[in-house]
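J.: Line by line, the protein sequences are chains A and B. Using full-length UniProt numbering, the letters of the first sequence correspond one by one to residues 1 to 331. Using full-length UniProt numbering, the letters of the second sequence correspond one by one to residues 1 to 331.
Among the clues, some could well be false.
To be verified - Simulated restraints, written as ranges between beta carbons of each label pair:
1) Gly191/B <-> Ala108/A: 44 to 54 Å
2) Ser27/A <-> Lys199/B: 34 to 44 Å
3) Gly179/B <-> Asp139/A: 37 to 47 Å
4) Ala15/A <-> Gly191/B: 39 to 49 Å
5) Glu287/B <-> Gly179/A: 50 to 60 Å
6) Lys58/B <-> Gly191/A: 29 to 39 Å
7) Lys199/B <-> Gly170/A: 31 to 41 Å
8) Glu188/B <-> Ala10/A: 29 to 39 Å
9) Ala200/A <-> Ala309/B: 31 to 41 Å
10) Lys144/B <-> Ser279/A: 13 to 23 Å
By construction, these hints were calculated from the structure, which means they are not laboratory data. All C-beta atoms in this analysis are idealised placements derived from N, C-alpha and C, irrespective of residue type, glycine included.
Number of protein chains: 2
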Amino acid sequence: MEKNQKIVLANRPAAWVEESNFRLEESPIPEPGANQVLVRNRWLSLDPYMRGRMSEAKSYAKSVEIGEVMVGGTAGEVVKSNHPKFAVGDTVVGAMGWQTWAVADGAALQKVDASAVPLSAYLGVLGMPGVTAWVGLMDICAPKAGETVVVTAASGAVGSVVGQLAKIHGARAVGIAGGAEKCRYVVEELGFDACIDYKAGNLRGDLKEATPKGIDCLFENVGGEIFDTLLTRMNPFSRIAVCGLIAQYNSAPYPMQNIGAVLINRIRMQGFIVSDDLSRWPPALKELAGHVASGRIKYRESVADGLAAAPAAFISLLKGGNFGKQLVKLT
Amino acid sequence: MEKNQKIVLANRPAAWVEESNFRLEESPIPEPGANQVLVRNRWLSLDPYMRGRMSEAKSYAKSVEIGEVMVGGTAGEVVKSNHPKFAVGDTVVGAMGWQTWAVADGAALQKVDASAVPLSAYLGVLGMPGVTAWVGLMDICAPKAGETVVVTAASGAVGSVVGQLAKIHGARAVGIAGGAEKCRYVVEELGFDACIDYKAGNLRGDLKEATPKGIDCLFENVGGEIFDTLLTRMNPFSRIAVCGLIAQYNSAPYPMQNIGAVLINRIRMQGFIVSDDLSRWPPALKELAGHVASGRIKYRESVADGLAAAPAAFISLLKGGNFGKQLVKLT
């Protein structure tokens with residue numbers, strides 16, 4: 001008899017996440033109750049925020065408890081339904097965690113159309129990462145035509161959308177990514193104006209060259225030394241959308257030297273979490289869906305095969321080993 | 001024959017400002033040209049921003065050149081006028097620098113009424129520091145009733161107004177100041193709810209006690225280790241108005257450890273300079289003048305006697321030696 005496979009948090013990481021922090025378990029496939037739906041998960045999304053949920057430290061969301069299934073966004077198919085809005089065979093997205101089967105309340109699921117767009121896109125460019133890019137760029141940075149937008153982790157699920165949206169809205173888009181191959185992709189495939197390979201070891205000089213008029217909007221995903229260096233290029237009245245600080249999720253915080261730029265250049269710096277304001281999702285998804293359908297926004301996926309591969313893929317993501325949106329193909 | 005006394009920048013400070021960075025000079029009293037006014041300066045304002053003007057480093061305003069008169073806000077009396085808006089005997093404020101006499105274009109001066117309010121108040125609570133407090137608190141922090149506002153350098157020209165305005169608008173006001181005497185003044189005279197003496201050596205513990213519900217608004221004048229510690233008490237969706245970072249004007253930047261709070265708590269941090277938006281001055285001064293006239297906003301002045309005392313008073317200000325608005329009485 002088929003079982004539900006799930007990955008639980010075995011123990012909390014001390015610094016870098018290790019595969020031993022996770023444990024693969026099996027349990028019976030659950031039965032849906034009233035107004036519930038049984039879903040066979042096809043895709044699991046891996047995202048940097050999950051690192052925070054593995055810690056006990058107070059953050060914006062509750063930690064995963066030891067022994068609990070790891071949290072995560074998923075896409076799958078309805079197998080049984082006790083909810084009037086869902087029928088067997090419907091494709092749905094939700095937050096069903098690192099497991100192959102799940103029961104969820106109908107209210108916690110969203111039906112999506114996987115005929116025109118692949119189902120996995122609803123975990124990336126048409127899901128949380130895409131909306132994150134839109135909210136940070138359009139609501140916080142609000143770049144004007146001709147301004148310079150810089151985004152870190154530019155080839156990733158969020159960063160790739162930020163730069164393409166910036167171009168669509170008439171800004172100069174400059175990416176920062178790790179490695180020549182990612183930078184080539186960012187410029188040649190995604191159409192950014194420039195990309196800096198921070199691993200090339202000349203960040204400060206390369207940055208000056210790529211941002212001759214300084215930076216008007218910084219969409220920050222990485223933090224640490226790169227963020228601190230970027231602060232030195234910010235223009236008067238520039239904006240910083242702080243979306244992620246992945247460089248310090250696994251280590252002591254980087255000691256920032258250049259926060260004085262906030263005063264000198266009257267910078268507005270705003271941290272945000274895409275789930276804070278759900279009213280922004282519909283306008284974001286509307287614009288993104290149009291650009292994806294027309295081919296103006298492109299996306300790329302890194303796919304790990306099978307649930308058992310999720311821990312290694314997640315660790316690689318935290319180290320920048322992914323190229324585009326990191327997914328796990330479950331079945 | 002009476003001469004103009006002026007203090008010029010003799011050389012740039014290497015770290016801490018020294019009296020030897022300044023030089024007292026004399027020159028003939030200038031003659032006003034067309035549309036100009038000759039003013040005998042009575043009061044000179046000393047303010048932390050002046051430290052920035054002594055450096056060559058790029059900042060929001062032009063540096064003072066070596067040999068030039070130090071910049072500064074002044075209040076005085078019109079002695080000769082070639083401008084239709086000003087008559088001999090009018091009291092005026094302007095930015096006439098560290099000198100006893102000055103010629104200025106009429107358009108660069110503002111006539112003030114020194115009958116109901118002392119002339120010196122127009123350099124403090126009813127001048128740049130007061131408007132700075134109002135803009136940072138009302139426009140950037142925008143505290144709601146019941147929220148907690150923390151302000152550093154709480155007994156100073158800006159900080160004292162921030163806390164009193166916060167109280168008027170229904171917030172809890174917590175000051176941070178250096179020394180028991182300043183803290184006593186902040187609570188007993190100015191009516192703050194609490195004050196932390198950072199020199200007492202228990203900032204973290206005292207802060208927790210004084211902000212049981214965390215911090216919703218931080219008005220930051222100081223920077224450095226105090227700022228970094230305050231970041232750990234910020235609430236979700238809190239605001240930080242970055243007005244000054246005096247702790248690092250004379251030394252290497254403090255390495256900030258807690259910038260991650262901006263993301264975790266979705267903080268909006270905004271640097272500002274009060275001269276960026278002159279349209280905010282009239283509403284600010286209108287509210288402040290009402291509260292000063294009614295006695296709801298109190299202020300205190302530290303007065304140095306004579307222009308020659310200005311360098312030592314300025315150095316003391318940078319080290320927190322002033323108590324209230326630092327002025328120099330010129331004649």
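J.: When the structure is checked against the list of hints, which entries are broken? Sort them ascending.
T.: 2, 7, 8 and 9
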